[in-house]
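Q: Sequence:
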Amino acid sequence: HGYLLPAMERPNLTVTTGATVSRVELTGERATGVTFRQSGSEHTVSARHEVLLSGGAIASPQLLMLSGIGPAAHLAEVGITAKVELSGVGANMQDHPYTPMVWHTKGTTDLAELGTIRNVLRWKTRQRGPLTSNLAESGAFFHTREGLPAPDMQAHVLPTGLIGDGFMEPTSRMVTVLSTLVHVRSRGSIRLRSADPSWHPAIEAGYFDDQVDLDTMLAGARRIMEICQQGQMAGLLDRPFELASTPSDEDLIEHIRRYTQTTFHPTSTCAMGVGEDAVVDPSLRVRGVEGLRVVDASVMPAVPRGNTNAPTIMVAEKAADEIRKSR
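Be aware that the sequence shown starts at 3, since it is given in our numbering, and climbs by one per residue.
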């Protein structure tokens, strides 16, 4: 909103909602527009200069592949003829997986029980009260071993039980510390399930495909359990959720494999670079295609060791500079 709302009255900006982009239109190896579906009809918008894709690390590679830009063998599997061969499209996906470490609490309140009418009114009318919470009220970065150039783990502390991304109702008052891997080695992928744009793509997260990632998550979860059993925290926390107070490595790994999920930080599926797997160049232009850029977290060569929002804004600012320079 900070970028979009001040620009809404500009004559060169049109915002269309309720529309789904089907493909990028190509004339030869030049992007000339996009086709989208809205209210059951298909429409095409032409581009005088260039097309920018900002669908994120899931939708941007999906759109490129639907447009015939991507790994030829995979496109052939769903009946799409490759127009531009780019093997890196949809590959190299990285994300921050987290494992929720949850405790029952003693003598505390829980954010889940504070959604009263009074608190809803306080939030809606005065932007005050517990419902202004961003859920992740505090956090920290830490190293699981010596010699690392930067932290490899992040902790998010939530004043409620967060299990199954919130789809499992807390059974009592709880607190959650998310054990989040931020130095990720494993790679996943985005692949088409159909040439129909309405089909969601297949997402293979690849969590813990590299054993180092599992070892790091285990060490991070263990460190969090140790910290939470000390000092002021020890007096507020009761038993852990579905774990012993001092679980074995085997039990903790089983917990990790059962409950790990996404932090919603996918990146790198249209990665920037100069090698054969690179999808965009340093100016965010899609290799082998004129007039087409990707501007979102998919261009990051690797997921950063922290939240992706600010780096994605940086990518957009860089894109604006590059577009100005090219005119």
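Bear in mind the hints are in silico, worked out from the structure with no lab data behind them. Treat the hints loosely; a few may be bogus.
[As the list claims (entries may be wrong)] DEER-style ranges, computed between Cβ atoms:
| # | residue 1 | residue 2 | range |
| --- | --- | --- | --- |
| 1 | G141 | D198 | 20 to 30 angstroms |
| 2 | G117 | G290 | 48 to 58 angstroms |
| 3 | P303 | R241 | 38 to 48 angstroms |
| 4 | K327 | V17 | 18 to 28 angstroms |
| 5 | A312 | D283 | 18 to 28 angstroms |
| 6 | L238 | M170 | 18 to 28 angstroms |
| 7 | A312 | D167 | 21 to 31 angstroms |
| 8 | D217 | G290 | 35 to 45 angstroms |
| 9 | A312 | M170 | 27 to 37 angstroms |
| 10 | A312 | D212 | 50 to 60 angstroms |
| 11 | P132 | G166 | 17 to 27 angstroms |
| 12 | H51 | R120 | 24 to 34 angstroms |
| 13 | E206 | G275 | 19 to 29 angstroms |
| 14 | G166 | H51 | 37 to 47 angstroms |
A virtual CB, placed ideally from N, CA and C, is assigned to each residue, including glycine.
Q: Next step is simple, just say for each hint if it's right about the structure.
A: How the hints compare with the structure:
About 40 angstroms separates the C-beta atoms of G141 and D198, a value inconsistent with the hinted range of 20 to 30 angstroms. Between G117 and G290 the CB atoms are about 52 angstroms apart, so this pair conforms to the stated range of 48 to 58 angstroms. Distance hint check for P303 and R241: the Cβ-Cβ separation is about 43 angstroms, which falls inside the suggested range of 38 to 48 angstroms. Range check, K327 to V17: about 26 angstroms between beta-carbon atoms, so the 18 to 28 angstroms window is met.
For A312 and D283, the Cβ-Cβ distance of about 23 angstroms falls inside the hinted range of 18 to 28 angstroms, so the restraint holds. The hinted range of 18 to 28 angstroms is satisfied by L238 and M170, whose Cβ atoms lie roughly 22 angstroms apart. Remark: the range hint 21 to 31 angstroms for A312 to D167 is upheld by a beta-carbon distance near 23 angstroms. A beta carbon spacing of about 39 angstroms between D217 and G290 agrees with the range 35 to 45 angstroms that was offered as a hint.
Take A312 and M170: their Cβ atoms lie about 31 angstroms apart, and the range 27 to 37 angstroms holds. Taking 50 to 60 angstroms as the suggested C-beta distance range, the pair A312 and D212 does not conform, at roughly 26 angstroms. Distance hint check: the CB atoms of P132 and G166 are about 22 angstroms apart, consistent with the given range 17 to 27 angstroms. At about 53 angstroms, the CB distance of H51 to R120 disagrees with the hint of 24 to 34 angstroms.
Between E206 and G275 the C-beta distance comes to about 21 angstroms, which sits within the given range of 19 to 29 angstroms. Checking the proposed 37 to 47 angstroms range against G166 and H51 shows it holds: the Cβ atoms sit about 45 angstroms from each other.
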